[in-house]
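Visitor: Residue-level listing of the chains:
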Amino acid sequence: MREIWDSIISYFENNTDAYLTMLSQHVSISLRVLSMSIFIGCFFGILCVRFSRHQKWIIGTFQVLRIVPSLAVLVLSIRFLGIGMGPAITALTFLAVPPILMNTVAGLEKVPVFMLETAKGMGMTPLQVWLRVRLPLAFPLILAGIKTAMVEIVASATIASLIGAGGLGQIIFQGISVRRTELLLIGGISVALLSLISVFLLDLLDRFFQRYKRI
Amino acid sequence: MENPAVAIEYQNVVKRFKGAACNAVNGVSLSINEGEFITILGSSGCGKTTLLKMTNRLLDPDEGNIILFGENVRDVNEVLVRRRIGYAIQQVGLFPHMTIAANIATIPKLLKWDKERINARVRELTELVGLDPGEFLTRYPAQLSGGQQQRIGLARALAADPKIMLLDEPFGAIDAINRLNLQDELKRIHNSFTGGVKKTFLFVTHDISEALKLGTRVIVMNEGKVCQFDTPENIVKNPADGFVKSLIHTLRRDGPAHEVRK
Ligand SMILES: Nc1ncnc2c1ncn2[C@@H]1O[C@H](COP(=O)(O)OP(=O)(O)OP(=O)(O)O)[C@@H](O)[C@H]1O
Ligand SMILES: [Mg+2]
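Residue numbers (this note's numbering), protein chains in the order written: chain S, 76 to 290; chain G, 54 to 315.
Just chain G, same shape as in the assembly (with noise of 0.2 Å):
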């Protein structure tokens, strides 16, 4: 099998916030393929945010370079950067005047697609995301459940079908089974790649058990620097430092038996 190519590189990536006493992402290097579904795990306010807003450049680096498929960041304009990768968050933002149509096709539309491929996709992404296209695509975003609209949101960001998806606790409020279910899809949604290369996941979550269980590897971080970064299997069975164990720990306190992907 040939090598993968390299869909995202770091490169000593430091990220300094005016008047904060310490680096909110301090020398980050790391290297992914393209195809990986990277999940991204650590303690409140160490950088994970921060790390992926630098990639679709809501962000600048103060030091280093960040390389999305051999291209750094800093040298394509800002705006067609953003458009060739996805982005959802917690707080979903889904555009409350638009019906929910409208806002998956809001990059599609950007992009000036024709109206007949705009709707086959948002019909199409409907569907993907286990919603009823009938149903839904009239309604304004406060008619639907959380749940729900985060759905939306991640259909909204995989309307152009970009390459690199960063997601940012986008299963953020949400009860433990709908979890479940939307853990699965977003694992279909990686495998059912369209145009022959799977898509790169940045996938950020608090949940242990989550990070474990969707990525092929996972990314420990802690005040701003990667302790560990390496297959869910490494991690638990070799923890690379105390943070990392410790977390571990949590997982065989309070979780049952979990899941690890291989």
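Excised from the complex, chain S in its bound form (with noise of 0.2 Å):
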């Protein structure tokens, strides 16, 4: 346990420029795919309920694309768009949009109708309807739907590094290749609370834009 626990003092003595270049990684591809996937999600989302008739066919496509195992995803991608950062964030994307788009659909559709009806009856346009009251009142689940994609993300962004994305991931797998346990701790345990603080800080915005539901 001593012996562990001075291997990784003298790793982060010895690494740390590397350690946070790699830690800048992850967190700038989670921040791009989840940007990315919020857009994504949303777009679909919002498209999904103002034109009903072709919500099965837009979720169903997000869904299989799901079931695909998130290793096969970017081993595939390689295949089709190569190596690197980009490849990945297509990749991971792929994987993040689900859970909003699903909440973005399920928000948008809990409002009531009624709700929605004297929102129009006062005389506001469409587009107002849907800024003013709609969209606001979904942005609870959809916030819900970004916080769990934002733990998929980060995960996931672990296999990045398997096609040269870099990231956190690199300790990993360098440390299952030359089988040093210290290795897997910093960085399993690294992307773990890089999960937690994120949580965290979506819980924030979380209870910022609910305050209104706790009274």
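In short, the hints are calculated from the structure, not lab data.
Backbone N, C-alpha and C define an ideal beta-carbon position, used for all residues, glycine too.
The reader is advised that the hints may include incorrect statements.
Coverage of chain S stretches by chain G, computed from C-beta distances (three or more under 8 Å per stretch; other residues unrestricted) [to be verified]:
| no. | segment |
| --- | --- |
| 1 | 188 to 196 |
| 2 | 206 to 218 |
Examples of chain G residues toward chain S, derived with CB under 10 Å [unchecked claim]:
| no. | residue |
| --- | --- |
| 3 | Lys106 |
| 4 | Arg110 |
| 5 | Tyr140 |
| 6 | Leu163 |
| 7 | Lys165 |
| 8 | Trp166 |
| 9 | Gln196 |
| 10 | Ile242 |
Relying on the hints, combine the two individually framed chains into one complex.
Guide: As structure tokens, then:
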């Protein structure tokens, strides 16, 4: 035990820069994937509700894309997109869109019809009903979807290092190949902490936007 | 005295929903004067809500015309029509993510009033519906009782000083005492007109004594048609048909001495 602790300390002493680079790569991949998937998830979510005839196939398509294991998506993306940051972001986005999409649809559909009808009856234009009433009321559920996606993204970004995108995964895979437990621990715990921190931040955001519910 | 202007005119209005066996509103023709307080009575599903929703174009009639102050609603932009008409419903529909002040200010904001005018109006209306602005304006709807929410719903509908108010069972879920208070306040609001003319109220209710007490005239509807449109006094004295008679009969049986608006 003492030994592992010592080697962890010595890793940080000797590899501070490398560690920080990998950490920032990991954060940067995660944030880019997150923003892409929020954009795509919300966009298609709104489409699904606005044009409900198309809801089934849009949701179906994204669900099927999610069933494919993340590793397979990543490896396949090497074939079609090459290696590096770009392909990793694309592949991870496919994994992160479904929870956001599903929650956007659920949140928008949960807004009671009478609420939308009073908004309209008061003289809001259709766009105003969406922006001032429907989207704000759906937001807590959309944020819950974003949280789920975020946890998935931070974890899956680990394997993105396999296709040359960098990130904390590098430490873990190095630890596997040279059989050094301390590397596995450093990588694993870092990813876990990152995940916790991101959930904590999103919780804060959630509390801020839902203050009208906590009275 | 000169004749009051005609505020709302229904000309042979018919509404048919897809897949329904009969028309929800079936040939309604009525003429309502400016400043009247019209109450609408009728059994569940007889088309009261449908009639109101056609008035502010939440629904469009399949046949016939609705004329507001000489203008066919079909010819006016639907958003503009709605901003000129107050609308309050039983479920109230206050926006839960906005404060009470923001809820009341909804239409004035859409109309781009300046801030001071909006603030003054919001306070004025809160007092008008009998609530203390200092206490309530910064709260959220979830922090209000059902009755207080209904008052705010009323204030919100009155915000832009509409000439016509459509009230669809606005006192739906409310206890008897609060209901009596609100009835008196509504009467007072109707009388406390601003700008020289009284507002025209269309008020749907299931409570017969409420309809007779508040209405200057009462519409009794059954199965999409108007059975009788008359003063409360005449409705009680000379019911036009069996349906109206049975309605009045339930009142005699259940109710204590009832009050009739004269
Ligand atoms: N969107 C709709 N689609 C199909 N039918 C409808 C729709 N809205 C109302 N109806 C039907 O039209 C008829 C009139 O409904 P409406 O809501 O106007 O009744 P109401 O008089 O307001 O009843 P209540 O007193 O219960 O509120 C009913 O038979 C109802 O089932
Ligand atoms: Mg109704």
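Visitor: Would you settle whether the hint for Gln196 of chain G is holds or violated, based on the nearest Cβ-Cβ distance to chain S being less than 10 Å?
Guide: holds, 5 Å
Visitor: Using Cβ atoms only, decide whether Trp166 of chain G comes closer than 10 Å to chain S, and label the hint accordingly.
Guide: violated, 13 Å
Visitor: Examine the segment 188 to 196 of chain S: at least three residues should have C-beta closer than 8 Å to a C-beta of chain G.
Guide: Per the Cβ count (7), the hint holds.
Visitor: Tell me if the interface restraint on Leu163 of chain G is satisfied: Cβ within less than 10 Å of some Cβ in chain S.
Guide: holds, 6 Å
Visitor: Under 10 Å, Cβ to Cβ, is where Arg110 of chain G needs to be relative to chain S, so tell me if that hint holds or is violated.
Guide: Status holds, d = 9 Å.
Visitor: Does the interface hint hold: is Ile242 of chain G within less than 10 Å of chain S, judged Cβ to Cβ?
Guide: violated, 18 Å
Visitor: Is the shortest C-beta separation between Lys106 of chain G and chain S less than 10 Å?
Guide: Holds: closest Cβ of chain S sits about 8 Å from Lys106 of chain G, inside 10 Å.
Visitor: Measuring from the C-beta of Lys165 of chain G to each C-beta in chain S, is the shortest one below 10 Å?
Guide: Violated - the Cβ of Lys165 of chain G stays beyond 10 Å from chain S, reaching only about 12 Å at its closest.
Visitor: Is the coverage entry for the segment 206 to 218 of chain S by chain G consistent with the three-residue Cβ rule at 8 Å?
Guide: Since three or more residues must qualify, the claim that chain G covers the segment 206 to 218 of chain S holds, with 4 doing so at under 8 Å.
Visitor: For the restraint on Tyr140 of chain G, tell me whether the closest CB of chain S is nearer than 10 Å.
Guide: holds, 4 Å
Violated hints for the displayed structure, listed by number in ascending order: 7, 8, 10.
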